[in-house]
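Going line by line, the protein sequences match chains A and B. When the count follows the working numbering, it moves up by one through the first sequence with no breaks and lands on 373 for the last residue. When the count follows the working numbering, it moves up by one through the second sequence with no breaks and lands on 93 for the last residue.
If you are wondering where the hints come from, they were derived from the structure by calculation, not from laboratory data.
Pairs of lysine to any residue residues, derived as SDA-like cross-links and limited to a Cα-Cα distance of at most 25 angstroms, are as follows:
#1 K88(B) <-> I223(A)
#2 K88(B) <-> D224(A)
#3 K218(A) <-> K88(B)
#4 K18(B) <-> A43(B)
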Amino acid sequence: MTAFEPPMGLIVELTHRCPLQCPYCSNPLALERAGGELTTAEWQSVFSEAAKIGVLQLHFTGGEPTARRDLPDLVRHAAGVGLYTNIITSGVQLDDRLMAALMDAGIDHIQLSFQDVDPDNADRIAGYRGAHARKLAAAARIRSAGLPLTVNFVVHRQNIANVPRMIALAEGLGAARTEIAQVQYYGWGFKNRAALLPSRAELDQTTATVEAARARLKGRMVIDYVIPDYYARRPKSCMGGWARRFINISPSGKAMPCHAAETLPGFVFPSVRDTSLAAIWQSDPAFLRFRGTDWMPEPCQSCDRREIDWGGCRCQAFALTGDAARTDPACDLAPDHALMQLAVAERGETPADFVYRRFGANDAETPIGETVP
Amino acid sequence: MTMTLRDDTVPRFPPGVKFRFDAVRAAWVVLAPERLFLPDDQAVEILKLVDGARSLGAIADDLAARFAAPRDVIAADVAAMLGDLAEKGALAL
Ligand code: SF4
Ligand code: SF4
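For reference, chain A alone in the conformation it holds in the complex:
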C-alpha cells in the first residue's frame, strides 16, 4: 500500500479550561479536566513527530490555549522543529508579559475571537464581565508586537445585525484578516441551536454586507465568510475531507480527524500517548473509516462533487440523522435534507435561553444528536 499524502495541519486543543462560557463553543459537551491533559514534554514530542511526517502548520486552540502556563515553551519547541505556529485565543489573558514571551518563542500568528462589537452583549454571550475590553487591549498588543492580526467574529441571531460594525471594528484594529463565521452547529452550538440560528433574511442581508465590504477592502483586508449549513445548498468540505488534511488532538491526547468527532459512537480514537502520529495517519481504523470515497452511500457515490466536498460533515450527518455514514443533510440532494428546514422552522420567533458552556452543564439528558424528532 502506498502512503497517504502527509497531513497539512495539526490542531491541538491544549486544554478545555477557559474563563469564557460561549454557548456555541465547539468543545464536546463532556469537557476534559486539567488532570488528564498531556504534559509539556508529551506535547513537545507530538510536535516533533508532526513536523517529521510533513505537518506544516500548528494551530494551538482549546478551550483557551493561554490557560496553559507552558504555552510559550510549546510555541518555542514547535517553531524550533519548523512548524508555522498559530494561536487561536479569546485574548482575555493576553497581557504584556505573555505577549512578549510568545514573541520571544517565535509565534507566527494570533487569531483573536470576539463575541460581538457591543461590549455588553459581547460580555453576556461570553458569560464573562469585561471580556470585550480585554480583547480590544489584546488586539492592540498583537499589532504593536508587529504580528499580523486575524479577528474572528462568531455570528448568530443574537449579534448578526452588528456585522457591518464588526467589519468596521476589524478595520479599526488594523486586522489583515477577518472571519465572519456563522456558528457551526456541533457541540454546544447544537445544544443551543434554536437560540443561535439566524433567519434566512438575516443571513441574506449579511451575505450582501460581506460582499460589499470585500469589494471595498480588496487588497487591504481579507474577509473569510462562513454561512450556516442550514441555509446552504451544498455541504462544506468539512476539514477538507475526513482525515485528508488535519489531525486534531484533544487535551488528553486523543487523535481525531476533526474536533467534533468525539461525538461519533462506535469509534475508538487512538491516543498519541501510545501510538505514533505516522501510524495514526496511515493506518488507524478511525482515520480510514471515512477517508476517500469508498464508504459513500448514494447520492454521493455517483455524484461529481464527491471529491470536492467529500460528502460533507460526518458529525453533522450523525447529529441530525443518527448515522454518521449518511450524506450530510446540508446537501439538497441528500435524502435527509428536509431536516434542515425542520430545524429552521423550530428556531421560533424569540431565541431560547442559552445553555452556557460549563464543566458539568452537560449532565442534562441531551447528548449531541438526540434532539431530532
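Fit chain B with the ligands to the known structure of chain A by using the hints.
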C-alpha cells in the same frame, strides 16, 4: 484586480507569511495565517526572487534572462501571480 502594479513595485512577504522548502513533500510552500499555498514550478521561480529588495521589473528581467520567453509576457505573468497572492493576504505590494 484593482491594485495597480508598476515595474518599480517591490513585493515582500509580510510578517506572518513564510515561503520555505518542505523536505517531506520535496516542494516549496507558502505558509500564511490559517492558509497555505503549494505554488507550481513557475510560481516558485518567481517567489524565490521575492526578497523585499527586488522590484517587479527586476524580477521580470532576471526571469527573462533565464527562461526563453519575451520579457513583457514574463512581466505580465509575474504581476498576475503576485497580485493574486497579495489579494489572498500572503504578499505585500
Ligand atoms: S468558544 Fe468561547 S468558551 Fe469555547 S473555548 Fe472559545 S472562548 Fe472558550
Ligand atoms: S450528493 Fe454528496 S457528494 Fe454530491 S454534492 Fe451532495 S454531499 Fe456532495
